[in-house]
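*Asks:* Go by the hints and put chain B onto chain A.
Residues per chain are reported as follows:
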Amino acid sequence: MITIENLHAQVEGKKILNGIDLDVKPGEVHAIMGPNGSGKSTLSSVIAGHHDYEVTEGTMLLEGEDLSEISAEERAHKGIFLSFQYPVEIPGVSVTNFIKTAINANRKAHGLENMPANEMLKKIREKSALLEIDSRFLSRSLNEGFSGGEKKRNEIFQMAMLEPKLSILDETDSGLDIDALKIVANGVNKLRSKDNAIVVITHYQRLLEYIVPDFVHVLFDGKIVKSGTKDLALELEAKGYDWIKELA
Amino acid sequence: MDFKEKLLASHIAFEEEIDLTDPIHQVRIDSLKTFEVKGFPTRKDEAWKYTSLNTLIRKDYALFPKAETSIDLQKVKKYFLYEIDTYKVVFIDGVYSPFLSNTTHDGLDVCLMSAALTKAKYRDLINSYFNKIANQEDSLTSLNTSYTREGAYVYIPKGTVAEKPIEIIHFFTGEEKSLWLQPRNLIVVDQNAQVQIIERHQSLKEHDVVTNSVTEIYAHQDALIDYYKIQNDLTSASLIDNTYISQDRNSNVKVHTFSLGGKLIRNNLNFHQKGEHCDSTLKGITILEDKQHVDHFTLVDHSQPNCESHQDYKGVFAGESKGVFNGKIFVDRLAQKTNAFQQNNNILLDDKATVNTKPQLEIFADDVKCSHGCTVGQLDNDALFYLRSRGIPEKEAKALMTYAFANNVLESVKIPILKKRINLLIAKKLGVNLGLGL
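Each protein sequence line maps, in turn, to chains A and B. Residue numbering for the first sequence follows my numbering, beginning at 107 and increasing consecutively. Residue numbering for the second sequence follows my numbering, beginning at 298 and increasing consecutively.
Next comes chain A alone, as it looks inside the complex (with noise of 0.2 Å):
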């Protein structure tokens, strides 16, 4: 789906990336684990297209294209999905409304017309009830005002609409307490198929033992040292992250 060779990265000036290599196939979940400042949201940020983000080296290839040369929007459009750590607010703009301008978007780009507003209506409502999101919030203002869990399960109903091949879920899980996390893995899973993949951030190993994994690698100052199954996730649960530098 996505293969990153040697990526090098750097945001004002300072390196963060110093040559990732990644290659994710579809049907397939990686997780990738690390400490503080090792680089993980920069990764995902990268992919996605965020401007601040200089690419020096490296590239990245979606389904076989160079994403180097493409813009955030057309990186959507292509099917590449971030769930943000930190959601913006958007005051004035109802989740609804975004959804919608969203959908007809990608939909735009692909030449279809938009989306007929009872389909989009019936589609709001399974994809709504999927991540427990009762219908009220729909129309609030999007991310203003909700709670860590809130924001973070607003992020996977808006991944259970735009359907993306390519998923990345940026520390999802922080902020949020047991039953949250159990709601958003659980929507998360129902989204996995053959042919999409998902990259999972995150810090903590809890996270995986909902959705399982079927990668797990260790950045660590913008390189990944070491890649193994879901038990190298345990097996940092257990020892923290302090061994994995004498690797790097």
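There could be a bad hint or two in this list.
What the simulated footprint calls covered on chain B by chain A, stretch by stretch (three residues with Cβ under 8 Å from a Cβ of chain A suffice, anywhere in the stretch; the number is not a length) [stated by the list, open to error]:
1. 452-463
2. 484-495
3. 681-687
4. 691-698
Each computed DSS-like pair below joins lysine-lysine, with the alpha-carbon atoms no more than 30 Å apart [to be verified]:
5. 184(A) x 725(B)
6. 711(B) x 301(B)
7. 385(B) x 374(B)
8. 666(B) x 649(B)
9. 301(B) x 363(B)
10. 120(A) x 184(A)
11. 214(A) x 301(B)
12. 717(B) x 228(A)
13. 692(B) x 229(A)
14. 228(A) x 363(B)
15. 692(B) x 228(A)
Hints were generated in silico from the structure; no laboratory data involved. The C-beta atom is built at its ideal place from N, Cα and C for all residues, glycine as well.
*Replies:* Coordinates of chain B only, in the frame set by chain A:
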């Protein structure tokens, strides 16, 4: 002869058309003297620091409208709130149009200033209200007063709720290549009465038209006034709007100003609270592009205790447009327990757009709550990226964000069809696709 000289000289021709024995006429003469002494404001005047009238007054204008030109109703229907029943006072190039209007004397008076100024039955009312709150030291206001003859006159008697909104509309046909008009409106809402008024200026084709209007509004005890100004004219039209409002105790007056089109607009909006427990609301949405210029100069004069005022002006500026906001709040020594809130937030969409915003609070009482917040900024980059990461193209994402920014001022619009219209207008201006039930 420059334009000021022309205005002074033409007054003689004006006098030939009116009744010189009318006591109002002395007011006109005195006002002309004030204008003669002060002249047009310049950039040296603090209140006009950011807004220059030079380009406007360098031109030559016809001062007296031609005889009534007629307009096909179908052509102008869209400028009315045609979906609902309203009273209307309509002027074409400054001349009253009976055909397009819908005046009344049934339970309330919605009619013409020219009638109110000349007929005996209005004599007392005119003596009590005419030119009593307008700022007589202000030169443009005085200029208008010196040429006062026509405009809208509204009187709502005690306890009456005007069941239909009143539309005051000025159309400009372009028959005169350039026109300087000075309508004068008088709105009196008696005790416990209510009214909604919509005022609009609209050119039907490009030509130089300048309107220097004065509106005096009196809200008696317990009165409720909801006033909407729609300023969405062509880029050849300019407007200097001088509105003076006097509020008696317990009255509630709201003025919404939508500045979406025109060459140069100057809104002088003045609230004078003369009784306790008054509530004053001043709100505005300004969306400009190209070389448009809008200046909101507001004054809320809290002279009595226990009153409230709320100001919320949002501005979006593209191209090389210019926005100015000067919000003066005066709190008298006696005006304890005043709650005065002022907010002016602006977004610059392009490098060459500029905004000058200045809160001006003069507070002489010590038990008050007064807040002010004036901001100028650009669209939040993180929010933009968030929208783009969902596939919303940059241009649409910017439009959606600016729409959301400006839109909340609409929440307090009480006429549903008007709210919908302005909503659509704003969305159209910002290029937001509204096929989504917004």
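*Asks:* Evaluate each hint against the coordinates.
*Replies:* Checked hints:
For a cut-off of 8 Å, the count of residues in the segment 452-463 of chain B with a CB near a CB of chain A stands at 0, and the three-residue condition is violated. Counting residues of the segment 484-495 of chain B whose beta carbon lies closer than 8 Å to any beta carbon of chain A gives 0, which falls short of the minimum of three for the stated coverage. Check result for the segment 681-687 of chain B against chain A: holds, 6 residues qualifying (beta carbon to beta carbon below 8 Å, three or more required). With a threshold of 8 Å between beta carbons, the proposed coverage of the segment 691-698 of chain B by chain A holds, since 5 of its residues qualify and at least three are required.
A threshold of 30 Å between alpha carbons decides the hint, and for residue 184(A) with residue 725(B) the separation of about 29 Å falls inside it, so the pair holds. Proximity of residue 711(B) to residue 301(B) is assessed by CA-CA distance (about 41 Å); at most 30 Å being required, the pair is judged violated. Annotation: proposed proximity of residue 385(B) to residue 374(B) holds, straight-line Cα distance about 12 Å (limit 30 Å). For the hint linking residue 666(B) to residue 649(B), the alpha-carbon distance of about 36 Å lies beyond 30 Å, and the restraint is violated.
Note on residue 301(B) and residue 363(B): the hinted pairing holds, with a Cα-Cα distance of about 21 Å set against a maximum of 30 Å. Proposed proximity of residue 120(A) and residue 184(A) is supported: the alpha carbons are some 29 Å apart, at most 30 Å. Taking the CA atoms of residue 214(A) and residue 301(B), the gap is about 57 Å. The hint is violated against a cut of 30 Å. Proximity of residue 717(B) to residue 228(A) is assessed by CA-CA distance (about 26 Å); at most 30 Å being required, the pair is judged to hold.
For the hint linking residue 692(B) to residue 229(A), the alpha-carbon distance of about 27 Å falls within 30 Å, and the restraint holds. For a cut-off of 30 Å, the pair hint linking residue 228(A) to residue 363(B) is broken: about 60 Å separates their Cα positions. For the suggested pair residue 692(B) and residue 228(A), the alpha carbons sit about 29 Å apart, so the restraint of at most 30 Å is met.
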